[in-house]
Every structure is written in C-alpha cells, then in structure tokens.
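Here this note's numbering is used: the first residue of the sequence shown is 157, the next is one more, and so on.
Note that these hints are calculated values from the structure, not bench results.
Each hint should be verified, as a subset may be incorrect.
As the list claims (entries may be wrong) - Taking lysine to aspartate or glutamate pairs in the DMTMM-like style, the calculated list, with each CA pair at most 25 angstroms apart, reads:
id	residue 1	residue 2
1	Lys436	Asp388
2	Lys377	Glu387
3	Lys197	Glu261
4	Lys377	Glu353
5	Lys225	Asp238
6	Lys197	Glu307
Quick caveat, the model's predicted, so the values are computed rather than measured.
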Amino acid sequence: MKNYTGTSAKNAYLEFGSTSIKLYIVPSVSEGGDGVERERKVPWSLGYDVFSYGRISPRTMAHCVSTLKELREEFSGISFEDVTAVGTAALREAQNAEIFRRLLENELGLRIQVIEGGIEAFLLETGFRSMVEKFPTALFDLGGGSNEIIEYLNPASTRKTSIPVGAIRLHCQLRRARTLYNYVEQGRVIVEREMREHIAGSMPRYPEMLGTGGTVRAIVKSLGRESFTIEDLQGLIQREIHGDVWTNMPRHRRLLFLPGILSVEALFMTMGVRTITYRKASVKEGLISFTSMLPAMGRPS
157 MKNYTGTSAK
167 NAYLEFGSTS
177 IKLYIVPSVS
187 EGGDGVERER
197 KVPWSLGYDV
207 FSYGRISPRT
217 MAHCVSTLKE
227 LREEFSGISF
237 EDVTAVGTAA
247 LREAQNAEIF
257 RRLLENELGL
267 RIQVIEGGIE
277 AFLLETGFRS
287 MVEKFPTALF
297 DLGGGSNEII
307 EYLNPASTRK
317 TSIPVGAIRL
327 HCQLRRARTL
337 YNYVEQGRVI
347 VEREMREHIA
357 GSMPRYPEML
367 GTGGTVRAIV
377 KSLGRESFTI
387 EDLQGLIQRE
397 IHGDVWTNMP
407 RHRRLLFLPG
417 ILSVEALFMT
427 MGVRTITYRK
437 ASVKEGLISF
447 TSMLPAMGRP
457 S
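All chains should be modelled from the sequences, with the hints used to inform the complete structure.
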C-alpha cells in the first residue's frame, strides 16, 4: 500500500450518500497524476434511517465516526480538517443533520457541506459532459434517495431535474405493502406521480436515455447486456414476484433491486423512452473538478 503520509488534504474527498460513505484520493497536479488514485467505499444505513424515521440513528452516527477514524488512521497523511466532504439526498432531509454535522466536526474536525439536489445534478452533469457525443442527450443517476435527470439540450444548454424517488426511499414507503403485487402497483403509482410533479413543463421525450447508479448496474448485470427495454424490466419484475433468487447479487443490492427497477420503469412510461443504456458516471468527477465552486470546507486560519 502506498504511504500517504504528507499527502495534501486538498486531494481528499468524502461523499456521504444514502447507502455508503466514499473516500477518494486524487494526486495533485505537481505529482503529474490524473483521475482517482485510491477509492474506498464503506456501506452504512443512513438512507434507511432517514427515509423510514426522518432521523439518523445513534447507531449509524457511531458507526460513521468509527469508520472515519479507521480511514484517518489508514490515510495518516490526510488532515480531515481540510477534506472536501459533501452529503446528498438523505442528509438533506435528516431532521437531526445539524447534530450529526457537529458530531463529526467535534470528533474529527470534519466539516460536511450538505448540497441541494440541483447542485448534485450539476456535479453529475459536469462529470459526464465529456462523454456526450450528440445532442440532445438525456442521462439519469438513480440513487438511494433521488433520481437526478440531466438533459444536454445543446452544447451550451442543459436542464437538470432532481426527483425525490430513489431505491431506498421507495422501499421504505412500500414496506407495509401486504403482497409483492401491492408493492409493485403502489410503487408504480408513487414514482409516476413524483415524476409528473417535479418535471417542469411538458414531459420531455427521449427514445434513448443513458443511466447510471447501482440499480442500473445491477439490471445490466442480471440481463447480461448494457442496454435494456421496458419489456426486459417487466420480465425482471415478474421474476421478482415469482421468487427468483439472484445468487450473484450482494445482499444490500438484492433488497433494493425491485424498488430500483420500479423507479427506472417509470422513465419508459412517462418520457417515451424505448431503450436505456448503462454508463459509468457519478458526482465524483464533477466534485473533484469543481471543488473551488463550493464553500470552503476547512477551518478558518
């Protein structure tokens, strides 16, 4: 393992998502590096706490603090006082988010910037822009708490929409459904309603969309190909209802697979999509490129 003693803290980033805490180590320009040098991803239960009860549980807070202390020990050259740290959907909505933020600052000297959905979509847009080959192009990133939709209308214009529909959020909303059939039907109603409420103006139409996020990755792995149609998703839903066991799927992804599929299915139903193709993208690249546009994270000198 590379010795990180002396590494500049300005090259370290923490992302607090609904399902995991992610640490990125990026080499400085003077080191001649390009892209992420090291990446660590640690699961946590933030999304389940917030979307079920509205608050971050003491257990989740304690787990987070112990995890970050382990990371600080592993990457001893990084000062958490200056690390760029952002929180997304679940932290935006946690009733006790400020208590959590103060806890991390007191215990670790770490300051978290909780970003709005529009900024989250902007970071995704920035990170993915270099991959856009034609206009208009639409991309979505389905997470645990929200679905960020980016429309690249032309080289100079984009439209960003943050929809409060995510795999964990939907699962928590449906946890009292009596049967899988009720789960599916109620889930479809919820997702379509949120789509129509949050997309401004007339519903855009895209024959093809690009998709990213854990659910989309799990879908293409299950199907064995990078593109899929609504018929493919409906086939997966039927397999879920009839009790298929996905032996190669991690447990946390298995639990979120069906609500994630329902969230993606709505794009076909509401936006006229015929095909979705998976692409690897995240807020990570945008976060790294545009750190200077966010408020300062470190302590005042």
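Hints and how they fare:
Of the pairs offered as hints, the one joining Lys436 and Asp388 holds, with about 20 angstroms between alpha carbons and a cut-off of 25 angstroms not exceeded. This hinted pair checks out: Lys377 and Glu387 have alpha carbons roughly 16 angstroms apart, not beyond 25 angstroms. Distance check on the hinted pair: Lys197 and Glu261 sit about 21 angstroms apart at the alpha-carbon level, within 25 angstroms; holds. With a CA separation close to 31 angstroms, the supplied pair Lys377 and Glu353 exceeds the 25 angstroms bound.
Between Lys225 and Asp238 the CA atoms are separated by roughly 15 angstroms; this keeps the pair inside 25 angstroms, and the hint holds. Simply put, Lys197 and Glu307 have alpha-carbon atoms about 28 angstroms apart, too far for the 25 angstroms limit, and the pair is violated.
Violated hints, in rising order: 4, 6; the structure is consistent with all others.
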